[in-house]
Amino acid sequence: MKLYELTIQSAHTLLKQKEISSQELTRAVLDRIHAVEKDVNAYITVADDLAMAQAELADKTISEGNISQLTGIPLAIKDLMCTKGLRTTCASKILENFVPPYNATVVEKLRNKGAVIVGKTNMDEFAMGSSNEHSGMKMTHNPWDLTRIPGGSSGGSAAAVAADMCIGSLGSDTGGSVRQPASHCSVVGMKPTYGRVSRFGLVAFASSLDQIGPLTKDVTDCAILMNAISGYDSRDSTSVPEDVPDYTASLTDGLEGVTIGIPKEYYAVGGLDPDVSGSVKNAIGKIEDMGAKCVDISLPHTEYAVAAYYVIAPSEASSNLARYDGVRYGFRDKDRSDLMEMYRNTRSEGFGPEVQRRIIIGTYCLSAGYYDAYYGKASQVRTLIMEDFKKAFENCDAILSPVTPSPAFPVGENIDDPLTMYLSDIFTLSANLAGIPGISVPCGFSSKGLPIGLQIMGRHFNEEMLLKIAYNFEQATDFHKKKPVLQ
Amino acid sequence: MKITKDEVIHVARLSRLHIDERATEKFAGQIGTILEYVDKLNQVDTEGVTPTSHAIFLTNAFREDEEKEHLERDMALANAPEKEDGSFVVPKII
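Going down the list, the sequences are from chains Z and R.
The first sequence begins at 56 in our numbering and counts up one residue at a time.
The second sequence begins at 27 in our numbering and counts up one residue at a time.
Think of the hints as simulated: they come from the structure by calculation, not from any bench.
One or more hints might be untrue.
SDA-like mimics (lysine to any residue), calculated; alpha carbons at most 25 Å apart, straight line [claimed, not checked]:
1. 66/R with 478/Z
2. 31/R with 409/Z
3. 57/Z with 533/Z
4. 109/R with 320/Z
5. 139/Z with 153/Z
6. 66/R with 320/Z
7. 109/R with 478/Z
Facing chain R, a subset of chain Z residues (Cβ under 10 Å, in silico) [stated by the list, open to error]:
8. 152
9. 157
10. 384
11. 392
12. 474
13. 534
Positions of the beta carbon are idealized from the N, C-alpha and C atoms, including for glycine.
Could you build all of it, start to finish, from the sequences and the hints given here?
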């Protein structure tokens, strides 16, 4: 096995036994990046020197007998989490040269545990998109089929894990942006409960929906990264002061006593690909075989989730992105004759078309005369969606569904049709509206060999149940062991 | 709901964006399609339903108002597109 193919857990074992050094491992990962980056395009910035220096430090720590599960492990970070001294662009021209003066809390936590940051991954600009086609920097390709999208918005993070261009990574999920690319690239991706992980230093898209989560090669690694990044942070007033369990403790065999809910509305969605529904049905069967009981449940407001989301998310985005004014940081248009013109030119040149589209939709929905009809109404429907989940979880411990209606689509297919692109988020964005956790685990391949994911959603702060089910499913299958062929 | 080109221009101005003629037309079409889709929210009876702005119940996070570590001036200015004498430079306002 090549070093870059290791998981966090297997690399940790070798580092602990001193069979490999972090410098060897990090070098192997960097070499791998440079070998396949021209095909995959997963990174906006590769931090060779910084990573090697961090690896050297990690080796020193290990030689002194101090090793955490992440010491010396090369990880990638989505390019909207601030990394002190390392450019953070959000894949936007407006932040092309932005070098943060501080670390995001999650980055600080990883660094405190001795993790090595190999680089910053590509994404849709400001996390607005489901395909990475809306990156202002480059287009990431799906390692399983380079003519197709990797998913988004954390497409670079998912592709980098799938193509072994890092050992694990972090993404962020506002409407499915961790789970959907994880599903398209055959990796594990988790969106934790809202408030579980600090958003300090995560560049804001929609503040009531955004949550950082891990993308990893297997469920064990997901639990390890969840242990590292979770917890209350006084610098994020929406982070929740709840105790954080040891997530690796939930990776135990057997699903007896677990009740799984199957939402009938999710399987009635138009355009659900037969390969996807087939794989998910097989997965449900397997989970039942392991002792779980399945019950039918109803989430009656499912068909309104996309509409509610595409009012709430752009509304919050239009407000959050008002800060890019060309004054304190980021790009500024050269014309300085008039303040208003400077703002408008800066923002029109700095933001790409999808970001401008969402700013306009959000501003419209919040503007005088339309606020009640759009934002007010959508916020009420959000309450009903939350109540649907609350009722459903009275009768089950977790909900199983597809992650996306179809496998990864070809690059360019939906680029001029934003609504069709939005509709593909149908299975993921309800979890963001309700604040509940969700995970995507590999559960099959289409007839064309494209990855398919299974989504498991659970109650607030019950990530353990999702990890337990995902772990048992993974133990019984080998989808997560398959690798895309590159070169 | 359809959105007119004039409305797009108006909202773009509120958003501090400059949108050229061709983009305005394209945006009006695309945004109109999205808003028409969003109109399906009106099928839902929300009479008496409390709106949700945050999914997790939290009360205000109060803390003592005391000075903590903060960015030094030169660090805060490091990313400024234009600066002078320890300040941000902006176009003349008055």
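Okay, the hints, checked on the actual structure:
1. 66/R with 478/Z: OK: residue 66/R and residue 478/Z at ~14 Å, within 25 Å.
2. 31/R with 409/Z: Holds - the C-alpha atoms of residue 409/Z and residue 31/R are around 18 Å apart, at most 25 Å.
3. 57/Z with 533/Z: holds (19 Å)
4. 109/R with 320/Z: Distance ~56 Å between residue 109/R and residue 320/Z Cα, so the pair is violated.
5. 139/Z with 153/Z: Answer holds: residue 139/Z to residue 153/Z is near 10 Å, not above 25 Å.
6. 66/R with 320/Z: This hinted pair holds, its Cα atoms lying about 17 Å apart.
7. 109/R with 478/Z: Roughly 44 Å between the alpha carbons, so the hint for residue 109/R and residue 478/Z is violated.
8. 152: holds (8 Å)
9. 157: holds (7 Å)
10. 384: Hint holds; residue 384/Z Cβ to chain R Cβ min 4 Å, cut 10 Å.
11. 392: OK, holds: residue 392/Z within 10 Å of chain R, min 7 Å.
12. 474: holds (5 Å)
13. 534: Violated: closest Cβ of chain R sits about 31 Å from residue 534/Z, beyond 10 Å.
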